[in-house]
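So the sequences go chain by chain: F and H.
Numbered according to my numbering, the first sequence spans residues 1 to 341.
Numbered according to my numbering, the second sequence spans residues 1 to 336.
Some hints could be false.
Stated by the list, open to error - Residues from chain F that face chain H, not an exhaustive set, calculated with beta carbons under 8 angstroms:
{"hint": "1", "residue": "93"}
{"hint": "2", "residue": "201"}
{"hint": "3", "residue": "203"}
{"hint": "4", "residue": "207"}
{"hint": "5", "residue": "228"}
{"hint": "6", "residue": "254"}
{"hint": "7", "residue": "258"}
{"hint": "8", "residue": "273"}
{"hint": "9", "residue": "285"}
{"hint": "10", "residue": "286"}
Unchecked claim - Below, in silico cross-link-like pairs of lysine-lysine (DSS-like), each with a Cα-Cα straight-line distance of 30 angstroms or less:
{"hint": "11", "chain 1": "F", "residue 1": "93", "chain 2": "F", "residue 2": "216"}
{"hint": "12", "chain 1": "H", "residue 1": "273", "chain 2": "H", "residue 2": "132"}
{"hint": "13", "chain 1": "F", "residue 1": "161", "chain 2": "F", "residue 2": "145"}
{"hint": "14", "chain 1": "F", "residue 1": "12", "chain 2": "F", "residue 2": "217"}
{"hint": "15", "chain 1": "F", "residue 1": "216", "chain 2": "F", "residue 2": "12"}
{"hint": "16", "chain 1": "H", "residue 1": "80", "chain 2": "H", "residue 2": "20"}
{"hint": "17", "chain 1": "H", "residue 1": "88", "chain 2": "H", "residue 2": "132"}
{"hint": "18", "chain 1": "F", "residue 1": "140", "chain 2": "F", "residue 2": "161"}
{"hint": "19", "chain 1": "F", "residue 1": "216", "chain 2": "H", "residue 2": "271"}
{"hint": "20", "chain 1": "H", "residue 1": "273", "chain 2": "F", "residue 2": "275"}
{"hint": "21", "chain 1": "H", "residue 1": "177", "chain 2": "H", "residue 2": "84"}
{"hint": "22", "chain 1": "H", "residue 1": "43", "chain 2": "H", "residue 2": "20"}
{"hint": "23", "chain 1": "H", "residue 1": "43", "chain 2": "F", "residue 2": "275"}
{"hint": "24", "chain 1": "H", "residue 1": "271", "chain 2": "F", "residue 2": "217"}
{"hint": "25", "chain 1": "F", "residue 1": "160", "chain 2": "F", "residue 2": "13"}
{"hint": "26", "chain 1": "F", "residue 1": "12", "chain 2": "H", "residue 2": "271"}
{"hint": "27", "chain 1": "F", "residue 1": "140", "chain 2": "F", "residue 2": "160"}
{"hint": "28", "chain 1": "F", "residue 1": "217", "chain 2": "H", "residue 2": "20"}
{"hint": "29", "chain 1": "H", "residue 1": "80", "chain 2": "H", "residue 2": "43"}
{"hint": "30", "chain 1": "F", "residue 1": "275", "chain 2": "H", "residue 2": "271"}
{"hint": "31", "chain 1": "H", "residue 1": "84", "chain 2": "H", "residue 2": "43"}
{"hint": "32", "chain 1": "F", "residue 1": "96", "chain 2": "F", "residue 2": "13"}
{"hint": "33", "chain 1": "F", "residue 1": "160", "chain 2": "F", "residue 2": "93"}
{"hint": "34", "chain 1": "H", "residue 1": "20", "chain 2": "F", "residue 2": "161"}
{"hint": "35", "chain 1": "H", "residue 1": "205", "chain 2": "F", "residue 2": "275"}
{"hint": "36", "chain 1": "H", "residue 1": "132", "chain 2": "H", "residue 2": "205"}
{"hint": "37", "chain 1": "H", "residue 1": "205", "chain 2": "H", "residue 2": "80"}
{"hint": "38", "chain 1": "F", "residue 1": "216", "chain 2": "H", "residue 2": "273"}
{"hint": "39", "chain 1": "H", "residue 1": "13", "chain 2": "H", "residue 2": "177"}
{"hint": "40", "chain 1": "H", "residue 1": "80", "chain 2": "H", "residue 2": "13"}
No lab work stands behind these hints, which were simulated from the structure alone.
Glycine included, C-beta positions come from ideal geometry on N, C-alpha and C.
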Amino acid sequence: MTMILEDITPVKKILGVQNLITRFYTFDGIVNALSGVSFHLNQGETLGVVGESGSGKSVTMMSLLHLLPVPPARIEGGQAMYYGERDPVDLLKLNKSCISRIRGNHIGFIFQDALSALNPVMTVGNQIGETLIEHLGMSKAAARKRSIELLEYVGIPEPKKRAVSYPHEFSGGMRQRAMIALAIACEPTIIIADEPTTALDVTVQAQIIELVQRLKKEMDMSVIWITHDLGVVAGIADRVMVMYAGHVVETATVDDLFYQPSHPYTIKLLEALPKLGESVHNRLESIEGTPPDLLVRPSHCQFVWRCSLNQKQCWLGVPDNQQISPHHQAACFLDMAKEGV
Amino acid sequence: MTTAPLVRVRNLKKHFPIRKGLIFNRKVGAVKAVDGISFDIRKGETLGVVGESGCGKSTTGRAILHLERPTAGQVIIDGKELTKMTQKEIRKIRPEMQMIFQDSYASFNPRHSIGNIIAEPMQIHTDMDGTKRRARVMELLELVGLNSSHYTRFPHEFSGGQRQRINIARALSLNPKFVVCDEPISALDVSIQAQVINLFEDLQKELGLTYMFIAHDLSMVQYLSDRVAVMYLGKIVELTTRDRLFSCPLHPYTQSLLSAIPIPDPIEERKRKRILLNDEVPSPANPPAGCVFNTRCPIAGPECVAPPEARELYEDHVVVCHKADKKGGSLIPDPE
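Can you build the whole structure from these sequences, using the hints too?
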């Protein structure tokens, strides 16, 4: 099911983000939420984004779609080229009406907490219908019909009845399905899923993952899947990007990331996971310390305090991306060409 | 490993009444959060309790410690039958049993310093004087990997992982024998989880603690537990040793639960076949008749409308299912 990303057909880039910088201006000081994030998304692939809380996963995606409240947030640099239209556009430079056209028609967003993302005083059917009327210019009757179809499509039983219920009448998994229906209503080219299964039970999580995988295939979408669960990433992603304290520390195909991780943080993170089905009881490798304070503007590698391999140069500057193989990059001063860091 | 049980739970029930009406406030039903469960926890072992949200795993923990009075059943901890004791008598033996909560922030008084928070149980239950208490707090801070400079700080100054350590220090302040850990690591990041899990393990070895470890993260439960109980809708559906549970689960719910956990290994993930369950967990206020799993069970048959008995199919392997048999392996037929 998962494609190996060998260049048999030329891959088309659909989103390219360069050096994105987002800061929050708060009373406590300036929070350096993103300090130069670069990545790209290819047509038809699933990009997994992993990192701990506060590493900037959600902020990255919300910056692209102008979903952060300004102030306190401010996007201070970078560009985000979207290639899904006839001419490439820089998402960061778009005005309000242009970005709202992109948001529904081209990029759909699935939030973690469906209950607070949906309008509590509007029926689910109307919420989907509103999107259809706004973005696709459908008539009211057509929108109603289509929203019922969409609910059925995402696997909600009795869609006609459920279309007139309110979000609080849905269970957690159903609510997430309704939100997915909303996100795919205008058949976007990209779906950004921001921890869509974190609040759900594992058996329901498996259902939702299955659903998104199916939709992706049937509608030919590209997916960005934000999660902190490395297990989920292993199952769904083609490529993975690991974030730490506002930086992308490693980008690789899913196999490279799990079997040949390069960045010390990724290596430690994988070692910190207990292995299911392992009968020998090995002590867990833990990463000592905590993530850095983002109020301090980074002047060196952000992982350096917790890194067991740190050297003098790690304290002197922020490391650049190192190309390890065509699809594998890591931001570290250590020589990655050497095996077994 | 046949040591005497420290905790003995028999037919434990905890029902929460559903009331309706303002004036008459009649009872119209009950949420059967825990509905007749029995198990033992042996001295020095860790019993993992897993299940999805709403299956009653936290309520079980709270009912055993009598933070909530059980509706029915019997709880015996270290020879003392809690269910027959008065609130006052239970308070006297509280030091022996402690609880660590999931939300480390909500379980502290935000206006108390860490020193006060950890010393408070000693103030109530022992006759230590201030200097002795202070010395003990320092000792505990050291034990959980914090240092004495944290004594005067306040809960909001700590990160989630550190707060969980403080929580552990407080629970250990009275030298308990039995600790109920209610999802102590679910709110933490992966790299911090490992730190706290290692701490739990070290403390158990050092102090000979008995844990009941409640979690929904099966991989952590597998890592830490000696035996595991799987709960579904207020009932235990399977109870066995860690190795048996993960290598040959017998109950169809356990099998689907295990198949749904994502494994951080791409090649494994591609090979796996998921057993997808339909629907979601029914409401515990109105559980299905007979076997509680029969609405979602892929192999439910006509016999499943009757409540199944707990059967010990192997030594130390109890399963509550009509269909499970000694063969083991997957009960659920291949979808293809």
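Given hint residue 43 of chain H paired with residue 80 of chain H - CA-CA distance at most 30 angstroms: Distance ~15 angstroms between residue 80 of chain H and residue 43 of chain H Cα, so the pair holds.
Restraint status (C-alpha distance of residue 217 of chain F to residue 20 of chain H at most 30 angstroms): Given that 30 angstroms is the threshold and the Cα spacing comes to 48 angstroms, the pair is violated.
Hinted pair residue 271 of chain H and residue 217 of chain F, Cα distance within 30 angstroms: The hint holds at about 19 angstroms.
Restraint check for residue 93 of chain F with residue 216 of chain F, where alpha carbons must lie at most 30 angstroms apart: Holds. Residue 93 of chain F to residue 216 of chain F sits at ~28 angstroms (cutoff 30 angstroms).
Holds or violated: residue 160 of chain F to residue 13 of chain F, with C-alpha atoms at most 30 angstroms apart: Violated, at roughly 39 angstroms.
Given pair status - residue 132 of chain H, residue 88 of chain H, alpha carbons within 30 angstroms: holds (26 angstroms)
Proposed proximity, residue 84 of chain H with residue 177 of chain H (alpha carbon, max 30 angstroms): Since the Cα atoms of residue 177 of chain H and residue 84 of chain H sit roughly 20 angstroms apart, the hinted pair holds (cutoff 30 angstroms).
Residue hint residue 93 of chain F, partner chain H, criterion CB-CB below 8 angstroms: Since chain H brings no Cβ nearer than about 34 angstroms to residue 93 of chain F, farther than 8 angstroms, the hint is violated.
Distance restraint between residue 273 of chain H and residue 275 of chain F, which requires alpha-carbon spacing of 30 angstroms or less: holds (18 angstroms)
Agreement of hint residue 228 of chain F with chain H interface, Cβ distance less than 8 angstroms: Since chain H brings a Cβ to about 7 angstroms from residue 228 of chain F, closer than 8 angstroms, the hint holds.
Pair hint residue 216 of chain F and residue 271 of chain H, alpha-carbon separation not exceeding 30 angstroms: Between residue 216 of chain F and residue 271 of chain H the Cα gap is close to 20 angstroms, so the pair holds against 30 angstroms.
30 angstroms Cα cutoff - pair residue 216 of chain F, residue 12 of chain F: Status holds; Cα separation ~16 angstroms.
Against the hints set out earlier in the document, violations occur for numbers 1, 12, 16, 22, 25, 28, 33.
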